[in-house]
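> Hey, can you work out the whole structure from these sequences and the hints?
There are 2 protein chains.
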Amino acid sequence: MWRSHLARSLHQHRNQPEAKFLQLATVGLDQRPRNRTVVFRGFLENGDRLQTPLQDCLKFVTDLRSQKPAQIAANPWAESSWYFTKTRSQFRILGKLQLIDHEYPNQELQSARIETWQALSDPARIQFSWPHPRESRIHFPKTEPPDAELPLDSFCLLLLEPIEVDRLELRGNPQNRWIYLRDDQGNWTEQEVNP
Amino acid sequence: MWRSHLARSLHQHRNQPEAKFLQLATVGLDQRPRNRTVVFRGFLENGDRLQTPLQDCLKFVTDLRSQKPAQIAANPWAESSWYFTKTRSQFRILGKLQLIDHEYPNQELQSARIETWQALSDPARIQFSWPHPRESRIHFPKTEPPDAELPLDSFCLLLLEPIEVDRLELRGNPQNRWIYLRDDQGNWTEQEVNP
Chain U
1 MWRSHLARSL HQHRNQPEAK FLQLATVGLD QRPRNRTVVF RGFLENGDRL QTPLQDCLKF
61 VTDLRSQKPA QIAANPWAES SWYFTKTRSQ FRILGKLQLI DHEYPNQELQ SARIETWQAL
121 SDPARIQFSW PHPRESRIHF PKTEPPDAEL PLDSFCLLLL EPIEVDRLEL RGNPQNRWIY
181 LRDDQGNWTE QEVNP
Chain D
1 MWRSHLARSL HQHRNQPEAK FLQLATVGLD QRPRNRTVVF RGFLENGDRL QTPLQDCLKF
61 VTDLRSQKPA QIAANPWAES SWYFTKTRSQ FRILGKLQLI DHEYPNQELQ SARIETWQAL
121 SDPARIQFSW PHPRESRIHF PKTEPPDAEL PLDSFCLLLL EPIEVDRLEL RGNPQNRWIY
181 LRDDQGNWTE QEVNP
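Heads up: the sequence lines are chains U and D, in that order.
If you count the first sequence from 1, position 23 lands on 23 in the numbering used here, and the numbers rise without skipping.
If you count the second sequence from 1, position 19 lands on 19 in the numbering used here, and the numbers rise without skipping.
Just so you know, not all the hints are guaranteed correct.
[Stated by the list, open to error] Here are the computed distance ranges between Cβ atoms for each label pair:
#: 1; chain 1: U; residue 1: L29; chain 2: D; residue 2: L170; range: 24 to 30 Å
#: 2; chain 1: U; residue 1: R171; chain 2: D; residue 2: N46; range: 34 to 40 Å
#: 3; chain 1: U; residue 1: G42; chain 2: D; residue 2: P133; range: 30 to 36 Å
Calculated from the structure, these hints are not laboratory results.
Quantities reported herein were computed from a predicted structural model and do not represent experimental measurements.
Virtual Cβ for every residue (Gly too), placed ideally from N, Cα, C.
Next up, the structure:
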């Protein structure tokens, strides 16, 4: 299925950190699309064991003070566009976002949030202690890196649970393209389509 | 202004074709965001001389049979996210899309459409002669490249006219970020904000 193809692209780009950058689009409160580059933090493990199972979730991190939380509350849909330069493969991943903030009640997902924090580098963690994003620039006081064990309240885990994946392989003439759809039972179907 | 910074990033990546790939988000008819990788085809020239002037328009191409035309008719807003790996710069470019199809009445923009077609490579042009995109895969008959002078009817020029640009420079600790806004008179203002 699409996960094995994505795994292959990730493997072939394992020495290129930028292959972990993808673009995540949401809809703003003004109904305009918003799009930004995010870092892929791996897949959520054991999501299928949750009381409300989650499947194939991509992990990102975000700041509670960014614009995403309000956008997600109003419209949880998102689409990632992920392009791999060496394999010339594009994965468009449509799904719903779930924001795991410091008050999120589910214990397993709260643990996943804390583990994701612990796996960050100091420079990544320190960003969550910076002054409010997108406000007028102020002087940033020099601060020590925050506690590596316990996340700051501004730190959120962001999950994208895919329901549709559009895979395009630019190599080949003509190119090759597949649409993967998830049904209500969580099963994926695959259809080859014209590029 | 932001154009000079973008020009610098483009120059520093001039030998990396993938630096011309950016992600373009729109809103689907179902109010879900849609996001795909597109190729930057340069800026529209002399847009300010049109009867209804256009400013700083980014050029893309698209197929009339893709999903974008209907999406744009319902909601013309789009945001591009463009990440440059060497300079570690991100440009988020919000604006309105304008689709220049084969029936578009304005003569200057129709000429721009034709010139953009003529500047494409044969492999890029031939895609517009392929069977209907996203339908069940069929055998593609071998065809000659289409006329290099006269565009096929499926070929559209797509313009993105920016009104807001969010520039993030990841280099530096802390990082640096600016918001550029266009007012009704077409003048850009710049504000430095917290990253």
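> When the structure is checked against the list of hints, which entries are broken? Sort them ascending.
No numbers; nothing is violated.
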